[in-house]
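Q: Heads up: the protein sequence lines correspond to chains A and B, in order.
Using this note's numbering, the first residue of the first sequence is number 1, and each one after it goes up by one.
Using this note's numbering, the first residue of the second sequence is number 1, and each one after it goes up by one.
The hints are simulated quantities; they were obtained by calculation from the structure and are not laboratory data.
Please note that the accuracy of each hint is not assured.
[Claimed, not checked] Looking from chain A toward chain B, a few residues come up when the C-beta cut is under 7 angstroms (computed):
1. TYR22
2. GLU41
3. GLY42
4. PRO43
5. VAL47
6. LEU86
7. GLY97
8. GLN103
[Said to hold, decoys possible] Here are the computed lysine to aspartate or glutamate pairs in the DMTMM-like style, where the Cα-Cα straight-line distance is at most 20 angstroms:
9. A:LYS59 x A:GLU17
10. A:LYS98 x A:ASP71
11. A:LYS59 x A:GLU15
12. A:LYS59 x B:ASP62
13. A:LYS57 x B:ASP62
14. A:LYS98 x B:GLU79
Every residue, glycine too, gets a C-beta built ideally from N, C-alpha and C.
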Amino acid sequence: TQLLEQSPQFLSIQEGENLTVYCNSSSVFSSLQWYRQEPGEGPVLLVTVVTGGEVKKLKRLTFQFGDARKDSSLHITAAQPGDTGLYLCAGDPSNTGKLIFGQGTTLQVKP
Amino acid sequence: NAGVTQTPKFRVLKTGQSMTLLCAQDMNHEYMYWYRQDPGMGLRLIHYSVGEGTTAKGEVPDGYNVSRLKKQNFLLGLESAAPSQTSVYFCASSYWGRRPQETQYFGPGTRLLVL
């Protein structure tokens, strides 16, 4: 059983379209993180959301933490081919430094 | 700074062979981690270390051993490789693992194929 469920698992869109990726759990997290991973490389942290209801923006990327701190979303506006990659949400349910990752969302943005 | 480095980048093993994966970080981080990544399963924690000389089990520790003799190095060993251990292995480090906002820095990965 995956503690963090991401949807969709695969997304193929045209350049300029908008998209949203979801990360859901039945457990409460003190914070959730979003990482992006490009082929052949390790994940790189994009953002950490800490407060329920928090919204953070990173250029065209908007991250939201659910009010109950059980879910998060990543919205990309006007996607570009450079956004292509694997997006992973992660959280530490026990606050011991051990991250649990969602299964990932593979995004392909076609020019 | 090189960040987190991993050696080797790619390896092919036969069932039953042993090998050691090396992870090194030059950021003076206390916490180090070994993950494996399989299609459709995200990253799963194998073992981790909260400081020099310490190790602890993660989510999927069976078939692996680790050692942290020096603060900057974290070794992952496979004593008798099995085809189920075919995967991409990532090492990561963080300065202090218990803060919710802590960033984990990942290496480039080691691709392992067990025949």
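Q: All the hints need checking, so say for each whether the structure fits it.
A: To see whether the hints hold, each was checked on the structure:
Of the supplied interface hints, the one on A:TYR22 is violated, with its beta-carbon coming no nearer than about 14 angstroms to a beta-carbon of chain B, more than 7 angstroms. This hint holds: A:GLU41 has a C-beta 6 angstroms from the nearest C-beta of chain B, less than the 7 angstroms allowed. Nearest Cβ of chain B to the Cβ of A:GLY42: about 3 angstroms, under the 7 angstroms cut. The hint holds. Contact between A:PRO43 and chain B, as hinted, is supported at the beta carbon level, the nearest pair being about 5 angstroms apart and thus within 7 angstroms.
Because the smallest distance between the Cβ of A:VAL47 and any Cβ of chain B comes to about 10 angstroms, over 7 angstroms, the interface hint for this residue is violated. Here the hint on A:LEU86 is broken, as its CB sits about 9 angstroms from the closest CB of chain B, past 7 angstroms. Against a cut-off of 7 angstroms between C-beta atoms, the interface hint on A:GLY97 holds, since the closest Cβ of chain B lies about 2 angstroms away. Taken as an interface hint, A:GLN103 checks out: its beta carbon lies about 5 angstroms from the nearest beta carbon of chain B, inside 7 angstroms.
Under the criterion of a C-alpha separation no larger than 20 angstroms, the hint pairing A:LYS59 with A:GLU17 is consistent with the structure, at around 15 angstroms. Only pairs whose Cα atoms come within 20 angstroms are accepted, and A:LYS98 paired with A:ASP71 is accepted, the gap being roughly 18 angstroms. With a CA separation close to 16 angstroms, the supplied pair A:LYS59 and A:GLU15 stays within the 20 angstroms bound. A C-alpha spacing of about 42 angstroms is found between A:LYS59 and B:ASP62, which places the hinted pair above 20 angstroms, so the restraint is violated.
A hinted pair counts as satisfied when its Cα atoms are at most 20 angstroms apart, and A:LYS57 with B:ASP62 does not qualify at roughly 40 angstroms. For the given pair, A:LYS98 sits about 24 angstroms from B:GLU79 by alpha-carbon distance, which is inconsistent with the 20 angstroms threshold.
Checked against the numbered hints listed earlier, the structure breaks hints 1, 5, 6, 12, 13, 14; every other hint is satisfied.
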